[in-house]
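Student: Each chain, letter by letter, is given below.
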Amino acid sequence: MSWMEERFPGIGHAAKEIAEHKVPSHTLNPIYCLGGLTLIAFLVQVLTGIFLAVYYKPTVAEAYASVQMITYEVRFGAIVRSLHHWAANLMIVLCFLHMLRVYYTGAFKKPRELNWVAGCFLLLLSMGLAFTGYLLPYEQLSYWASVIGAETAGSLPVIGPDLKIMMQGGIKVTGEMLSRFYVLHLMVLPAITILFMVAHFIMIRVQGISDPM
Amino acid sequence: MEKSKRFTIPFLPVHATTELAIALVFVGCLFVLGGVMPRGLEEAANKLVTPVGLKPEWYFLWAFALLEMIPNKLMGIIVPGLMVGALIIVPWLEPSPERKLSKRMIAVSVFSVMMVVLVILTYIGKTVTFGA
Numbered sequence: 001m002s003w004m005e006e007r008f009p010g011i012g013h014a015a016k017e018i019a020e021h022k023v024p025s026h027t028l029n030p031i032y033c034l035g036g037l038t039l040i041a042f043l044v045q046v047l048t049g050i051f052l053a054v055y056y057k058p059t060v061a062e063a064y065a066s067v068q069m070i071t072y073e074v075r076f077g078a079i080v081r082s083l084h085h086w087a088a089n090l091m092i093v094l095c096f097l098h099m100l101r102v103y104y105t106g107a108f109k110k111p112r113e114l115n116w117v118a119g120c121f122l123l124l125l126s127m128g129l130a131f132t133g134y135l136l137p138y139e140q141l142s143y144w145a146s147v148i149g150a151e152t153a154g155s156l157p158v159i160g161p162d163l164k165i166m167m168q169g170g171i172k173v174t175g176e177m178l179s180r181f182y183v184l185h186l187m188v189l190p191a192i193t194i195l196f197m198v199a200h201f202i203m204i205r206v207q208g209i210s211d212p213m
Numbered sequence: 214m215e216k217s218k219r220f221t222i223p224f225l226p227v228h229a230t231t232e233l234a235i236a237l238v239f240v241g242c243l244f245v246l247g248g249v250m251p252r253g254l255e256e257a258a259n260k261l262v263t264p265v266g267l268k269p270e271w272y273f274l275w276a277f278a279l280l281e282m283i284p285n286k287l288m289g290i291i292v293p294g295l296m297v298g299a300l301i302i303v304p305w306l307e308p309s310p311e312r313k314l315s316k317r318m319i320a321v322s323v324f325s326v327m328m329v330v331l332v333i334l335t336y337i338g339k340t341v342t343f344g345a
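Line order of the protein sequences matches chains A and B. Per my numbering, residue 1 is the first one in the first sequence, and the count goes up by one each step. Per my numbering, residue 214 is the first one in the second sequence, and the count goes up by one each step.
Pulled out of the complex, with its shape left as it was, chain A reads as follows:
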C-alpha cells in the first residue's frame, strides 16, 4: 500500500473511506436493490455485447447471416444472445421499478431532484439502446419497426424531416440506416449512458442515501 501511496498520495485514505463507508441498514430491503440490479443488467449487456460484436457484421448483406451464425454455429452464441435479449428487457423493467420505488418513498425530494432527472434520462437511454439494438439482427419485424420509428420521428415539428433523413441515411430507407443504428447502439448511446450512470452514482454518494420513511 505504501508503494501505491507514494505514487498516488491519499489513495490509502480513499480506499479506507470506501471500505468503511456506513450504509443505512434499511437499504438491505429488496426494493432498494432495483437500481443496483439495473446496473448489473447493464454490465451483462456490456459483456455479452462485446461477445456479439466480435461476430456481428453491420452490413445489409451480412447482418442476418452473421446473427444466424451466432445463433446456430458459434459456441455459446445462442445463450449469449439470449442473455443479451433478456438483460435488455429486464434492464428497462428494473429501471422502471426502481423509479417507482424512488417516487413512492419520496427519495427524489430536496436535495436529490437532479438525481431523479439523471435517472429519467437513464430510462430513456435504456429504451434508445433497446430500439437501436432491435434493428441489428435485420429480421423482418425489426427492420419494419425501425422504418416506422424513423417515420414517426419524421413527423416531429421543425427537426422531424432532417431527423428522419439522418436516421434513414437518405430520403428513403437505405442500407446506411443499419450502420447508423449500429454506431448508436455500440458507441454513442453506451458512452452517454455511462456518463449519466457515473453522475447518478456520484450524486448518490454526495447527497447520501435518503432516510427511511
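Just so you know, these hints were derived from the structure itself, not from any lab. Be aware that one or more of the hints could be misleading.
With a straight-line Cα cutoff of 30 Å, these simulated BS3-like cross-link-like pairs (lysine-lysine) come out [as the list claims (entries may be wrong)]:
hint : chain 1 : residue 1 : chain 2 : residue 2
1    : A       : K164      : B       : K339
2    : B       : K316      : A       : K109
3    : B       : K286      : A       : K172
4    : B       : K286      : A       : K164
5    : A       : K22       : B       : K313
6    : B       : K260      : A       : K164
To be clear about the criterion: a stretch of chain A counts as covered by chain B if any three or more of its residues have a C-beta under 8 Å from a C-beta of chain B, and this derived list gives those stretches [to be verified]:
hint : segment
7    : 8-16
8    : 24-30
9    : 69-80
10   : 85-91
11   : 105-111
12   : 118-127
Residues of chain A clear of chain B, computed beta-carbon distances all greater than 12 Å [said to hold, decoys possible]:
hint : residue
13   : S2
14   : L100
15   : M166
16   : I171
17   : S179
18   : Y182
19   : V183
20   : I192
21   : M197
Beta carbons: idealized from backbone N, C-alpha and C, even for Gly.
Given chain A, work out where chain B should sit, using these hints.
Tutor: Chain B in isolation, oriented as in the chain A frame:
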C-alpha cells in the same frame, strides 16, 4: 439534513457481499430465462413486404397506442412527449419536502393514475389492431 444514522452497516464486507449475492441470483435468473426462452431468429428483413399488424416492442406500446388513437399525427407525438417531460420534472411538480405518503395524497394519486393509464395504454397497444 439526515435525521439519524441509527442503524448502519459497513460497506465492506456486509453491504458489498449482500449486493453481490443478489447480483449473482439475478444473473442466474438471466441464464434460466435465456435457456428456457431463448431468443430465436425470425425471418430475414424483406423490404418489399410490409408485415400486417406491425407492433413495436412492449416498452413502446403505450406511445404507439397514443400515436394510433390520436387523429392528429403531430399531437400523437406531442402527447407522449409531454408525458415524458412531466416525468422528468416530477421533483418540481411536487416541490414540498414532505416524504410520508399520507401527507402527499394528491400528488401520489395523480402519479398513480398516470401509471395506471400507462398500463392501460400498453394493453390497448398490445391487443387492438389499428389502421384501415
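Student: Hint by hint, say whether it matches the structure.
Tutor: Structure-based check of all given hints:
1. Of the pairs offered as hints, the one joining A:K164 and B:K339 holds, with about 26 Å between alpha carbons and a cut-off of 30 Å not exceeded.
2. The suggested pairing of B:K316 with A:K109 holds, with an alpha-carbon distance near 14 Å, which does not exceed 30 Å.
3. Simply put, B:K286 and A:K172 have alpha-carbon atoms about 20 Å apart, close enough for the 30 Å limit, and the pair holds.
4. Our distance criterion of 30 Å between C-alpha atoms is met by B:K286 and A:K164, whose separation comes to about 15 Å.
5. For the given pair, A:K22 sits about 24 Å from B:K313 by alpha-carbon distance, which is consistent with the 30 Å threshold.
6. Note on B:K260 and A:K164: the hinted pairing holds, with a Cα-Cα distance of about 18 Å set against a maximum of 30 Å.
7. With a cut-off of 8 Å between beta carbons, the segment 8-16 of chain A has 0 residues touching chain B; three or more are needed, and the interface restraint is violated.
8. Only when three residues or more bring their CB closer than 8 Å to a CB of chain B does the claim for the segment 24-30 of chain A stand; here the count is 6, and the claim holds.
9. Coverage of the segment 69-80 of chain A by chain B holds [criterion: at least 3 residues with CB-CB distance below 8 Å; count 3].
10. Counting residues of the segment 85-91 of chain A whose CB falls under 8 Å from any CB of chain B gives 5; the rule of at least 3 is met.
11. Closer than 8 Å: that is the beta-carbon criterion, and the segment 105-111 of chain A has 7 residues meeting it against chain B, so the requirement of 3 holds.
12. Check result for the segment 118-127 of chain A against chain B: holds, 4 residues qualifying (beta carbon to beta carbon below 8 Å, three or more required).
13. The Cβ of A:S2 sits about 21 Å from the closest Cβ of chain B, beyond the 12 Å cut-off, so the non-interface label holds.
14. The non-interface label for A:L100 is inconsistent with chain B: the shortest C-beta to C-beta separation is roughly 7 Å, within 12 Å.
15. The beta carbon of A:M166 is kept farther than 12 Å from every beta carbon of chain B, the shortest such distance being approximately 17 Å.
16. With a closest Cβ-Cβ approach of about 15 Å to chain B, A:I171 is found to remain outside the 12 Å limit, as its non-interface label requires.
17. Non-interface status of A:S179 relative to chain B is upheld: no Cβ of that chain comes within 12 Å, the nearest being about 15 Å off.
18. With a closest Cβ-Cβ approach of about 14 Å to chain B, A:Y182 is found to remain outside the 12 Å limit, as its non-interface label requires.
19. Every C-beta of chain B lies more than 12 Å from that of A:V183, the closest at about 19 Å, which supports listing it as non-interface.
20. Annotated as non-interface, A:I192 keeps its C-beta farther than 12 Å from every C-beta of chain B; the closest such distance is 16 Å.
21. Taking the minimum C-beta to C-beta distance to chain B, about 16 Å, the non-interface status of A:M197 holds against the 12 Å cut.
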